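Make a model of the complete structure from these sequences and hints.
Listed below, chain by chain, are the residues.
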Amino acid sequence: MTKKKTEAPAAPEKNQETVLAATGIVKELGRGAGTVMALKGVDLRLVPGELTLLMGPSGSGKTTLLSILGCIMSPTEGELSIAGTNTAKLSPDELAVLRRDHIGFIFQSYNLFPTLSALENVRIALDVRGQKGYEAARRCEEVLREVGLGQRLRNFPGNLSGGEQQRVAVARAIVSSPLIVLADEPTAALDGENGNAVMELLARIAHEQDRSVLAVTHDPRTLPFADRVVRIEDGLIVGEERRPEGLDAPEITDLTKRRKAHA
Amino acid sequence: MIFTLAFRNLFHDRVRLTVTLVGILFSIVLVAVQLGLYLGASRMITANIDHADADLWVMPFGAKSFEDGGMLMGSRERHQALATEGVARVTPLVVRFQEWRKPAGGSTRVVVVGTDAEEGAVEPLSLTTGTWEDIKAPDSIAVDSTYLKDLGVDGIGSTAQIGNGRVKVGALTSGIRSFTQSPYVYMPLSRARSLVGAPGSDLATFHLVKVYPDQDIEKVRNNLLSRLEGAEVLTKAEFRQRSLRQWLFRTGAGVALIGGALLGILVGTVIVAQTLYSSTKDHINEFATLRALGSSSGYIHKVILTQAGLSAVIGYLLGMVLALLIVLASQSTPLPIVMTPQLAAGLFTVTVFMCAISAVSAIVKVTKIDPATVFSR
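Heads up: the protein sequence lines correspond to chains U and P, in order.
So that you can map any letter, position 239 of the first sequence is 1596 in our numbering, and since no number is skipped, the others follow by simple counting.
So that you can map any letter, position 159 of the second sequence is 1329 in our numbering, and since no number is skipped, the others follow by simple counting.
I should point out that these hints are in silico values taken from the structure, not numbers from a laboratory.
Here the structure is a predicted model, which is why all the values come from computation and not from measurement.
The beta carbon of each residue, even a glycine, is placed where N, CA and C say it ideally should be.
Where hints are given, some of them may not hold.
[To be verified] Computed from the model, here is a short list of chain P residues facing chain U with C-beta under 10 Å: (1) 1175; (2) 1178; (3) 1196; (4) 1447; (5) 1465; (6) 1541; (7) 1544.
[As the list claims (entries may be wrong)] Derived DSBU-like pairs: lysine-lysine, alpha-carbon spacing no greater than 35 Å straight-line: (8) P/1451 <-> U/1489; (9) P/1338 <-> P/1234; (10) P/1272 <-> P/1319; (11) P/1380 <-> P/1234; (12) U/1489 <-> P/1406; (13) P/1272 <-> P/1234; (14) P/1472 <-> P/1451; (15) P/1451 <-> P/1538; (16) U/1489 <-> P/1472; (17) P/1380 <-> P/1338; (18) P/1306 <-> P/1234; (19) P/1319 <-> P/1338; (20) P/1406 <-> P/1306; (21) P/1338 <-> P/1406; (22) U/1446 <-> P/1338; (23) P/1535 <-> U/1489; (24) P/1472 <-> U/1446; (25) U/1446 <-> P/1451; (26) P/1389 <-> P/1234; (27) U/1489 <-> U/1446; (28) P/1306 <-> P/1319; (29) U/1446 <-> P/1535.
This is the structure in structure tokens:
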């Protein structure tokens, strides 16, 4: 098995503490002759206050990497550290606690509970953390107002538009103030206007609330909102760009092309 | 939120909820009727024993039940019992199956119960028409109003024959059913002896022993046993058990009733398990989302168990309403169904247990959830 290591990501400009560090992540899916190497040695660091986009074509390993970074899937090889905790030897229940304490998720198809109202969908994220009662309810209302759904608290997902549902999902992800927010194709099911609204929201969460937001996407409309873009292809990180000061969007440089040029 | 989620999951699919509740309701009614019949039968079998003012029962060796006491005993046992330390009173009681000849022809079996109520033996329970004085009148007897039609008589004043002796209905009881379906016919002791073919004798089927209040019943029993040969001495509780064993288990009736109740529990468990499993399967993505949000397995198990508990409570309430209506309707039949607070509480416990067991398959299903499925929807 040959393992191609990508170039180490550039250091953040500011002196910020790393909240997530993945080193040499390899993931094999399937068994025997049908084994597929979905990730071939990925290194990635996330710092607070940054919206990072993980972009790549279908089958490049984006979602697999997101699952591993979210402690939902375990890597075949490599190390993952969340908020200073090495996840290597944690049990599924300990990983659940780590997710609960430090990670918020936003899913492509929202994954809201259809039988719960917008407010209840957000409250359940606190409830699993043992936070109940008036304070929890107040906090959920506050977050829903922050995402612009102050008038839709009692509405059920079936009565909300796609954009509104995704904003409920965003509220659910951030209500417990996690260090890291992981979003899987957050704009894929939305039209341009709603997609932009959700990306603006994610950027605000990163910048104003000093959280580390990683969004997996193949939607080019999301680029203007990114502080950093990480490109993945065939299970390897092939490029990483940062938004230069004064530019609206990161200057995309394809590291693969750069490597080919050097060769 | 656990309750809210469980409640909403349950009520989200009304058709499935209806199926679940019908399953529980069916199960509750079946178990309630079977156990109610069992209780009713037990009460019928032991009613005379329970209402006798006796601490100990002296009976021929091998007596099987109240109705089947075997050979009649002479007065020797009575006198020996009376001479035993601690014995306050010994009352003879005659109980025998006899042939009842209907006035319009035909016959049926009855259980003759000869007792002198003023001596503290078995009193006809719940006399609704007439008094014990009326029963003491010549040829007079007391029967239960439920069996008037079976006995071919109309009521007070009607006459019939037991064996070759004429009897007249002088009083009526209410609610004294016989498990053997042979009605009890109460009469004074001397008339009973006469009708069972022992006129003028002092023979008896049982001797009912009352012990002085300050005496140890077990000690008196041992003293009686050492004096009486060929007779058994049982406490009230032991005689009850023996009668119940005879009629409920040796005849297989009790086994059939308990078997029916167990079948009800089994059917209910299978139906609830099936619907809970399918509900869990339908909501599996939501449970996977909960897992991805960092919920513990216990949190998800609580949601499923709450769903099971809610089904149990609603199903139990509906089932009990129907069961009580059936109990009420059965009161005028020869085999009334009995519902007691203890049985109602027991049924609730069985329902909750049944639903909790039913939740196991659903819990096994969610235990195997891969939270990674949240990304593949």
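Status of each hint after checking the structure:
With 10 Å as the threshold, the beta carbon of residue 1175 of chain P comes within range of chain U, its nearest partner Cβ sitting at about 7 Å, so the hint holds. Interface hint at residue 1178 of chain P: satisfied, since its Cβ lies 3 Å from the closest Cβ of chain U, which is below the 10 Å cut-off. Here the hint on residue 1196 of chain P is broken, as its CB sits about 27 Å from the closest CB of chain U, past 10 Å. With its C-beta approaching chain U no nearer than about 18 Å, residue 1447 of chain P sits outside the 10 Å limit, and its interface hint is violated.
Proximity of residue 1465 of chain P to chain U holds as hinted, the smallest CB-CB distance being about 4 Å (cut-off 10 Å). The interface hint given for residue 1541 of chain P holds, since its Cβ lies 5 Å from the closest Cβ of chain U, which is under the 10 Å cut-off. With its C-beta approaching chain U no nearer than about 6 Å, residue 1544 of chain P sits inside the 10 Å limit, and its interface hint holds. Annotation: proposed proximity of residue 1451 of chain P to residue 1489 of chain U holds, straight-line Cα distance about 27 Å (limit 35 Å).
For the given pair, residue 1338 of chain P sits about 30 Å from residue 1234 of chain P by alpha-carbon distance, which is consistent with the 35 Å threshold. Proximity of residue 1272 of chain P to residue 1319 of chain P is assessed by CA-CA distance (about 10 Å); at most 35 Å being required, the pair is judged to hold. This hinted pair checks out: residue 1380 of chain P and residue 1234 of chain P have alpha carbons roughly 22 Å apart, not beyond 35 Å. For the suggested pair residue 1489 of chain U and residue 1406 of chain P, the alpha carbons sit about 57 Å apart, so the restraint of at most 35 Å is broken.
Proximity of residue 1272 of chain P to residue 1234 of chain P is assessed by CA-CA distance (about 28 Å); at most 35 Å being required, the pair is judged to hold. The suggested pairing of residue 1472 of chain P with residue 1451 of chain P holds, with an alpha-carbon distance near 16 Å, which does not exceed 35 Å. For a cut-off of 35 Å, the pair hint linking residue 1451 of chain P to residue 1538 of chain P stands: about 12 Å separates their Cα positions. As the CA atoms of residue 1489 of chain U and residue 1472 of chain P are separated by approximately 16 Å, the hinted pair is consistent with the 35 Å bound.
Of the pairs offered as hints, the one joining residue 1380 of chain P and residue 1338 of chain P holds, with about 32 Å between alpha carbons and a cut-off of 35 Å not exceeded. Between residue 1306 of chain P and residue 1234 of chain P the alpha-carbon distance is near 29 Å, which keeps this suggested pair within the 35 Å criterion. Restraint check for residue 1319 of chain P and residue 1338 of chain P: the C-alpha separation of about 15 Å stays at or below 35 Å, so the hint holds. This hinted pair checks out: residue 1406 of chain P and residue 1306 of chain P have alpha carbons roughly 27 Å apart, not beyond 35 Å.
For the given pair, residue 1338 of chain P sits about 32 Å from residue 1406 of chain P by alpha-carbon distance, which is consistent with the 35 Å threshold. With a C-alpha separation of about 91 Å, the suggested pairing of residue 1446 of chain U with residue 1338 of chain P is violated against the 35 Å cut-off. Distance hint between residue 1535 of chain P and residue 1489 of chain U is fulfilled; the C-alpha atoms sit about 27 Å from each other, no more than 35 Å. Distance check on the hinted pair: residue 1472 of chain P and residue 1446 of chain U sit about 27 Å apart at the alpha-carbon level, within 35 Å; holds.
For the hint pairing residue 1446 of chain U with residue 1451 of chain P, the CA-to-CA distance comes to about 31 Å; that is within 35 Å, so the pair holds. Distance restraint check for residue 1389 of chain P and residue 1234 of chain P: the Cα-Cα separation of roughly 24 Å lies within the 35 Å cut-off, and the hinted pair is therefore satisfied. For a cut-off of 35 Å, the pair hint linking residue 1489 of chain U to residue 1446 of chain U stands: about 31 Å separates their Cα positions. Between residue 1306 of chain P and residue 1319 of chain P the CA atoms are separated by roughly 24 Å; this keeps the pair inside 35 Å, and the hint holds.
Taking the CA atoms of residue 1446 of chain U and residue 1535 of chain P, the gap is about 25 Å. The hint holds against a cut of 35 Å.
Checked against the numbered hints listed earlier, the structure breaks hints 3, 4, 12 and 22; every other hint is satisfied.
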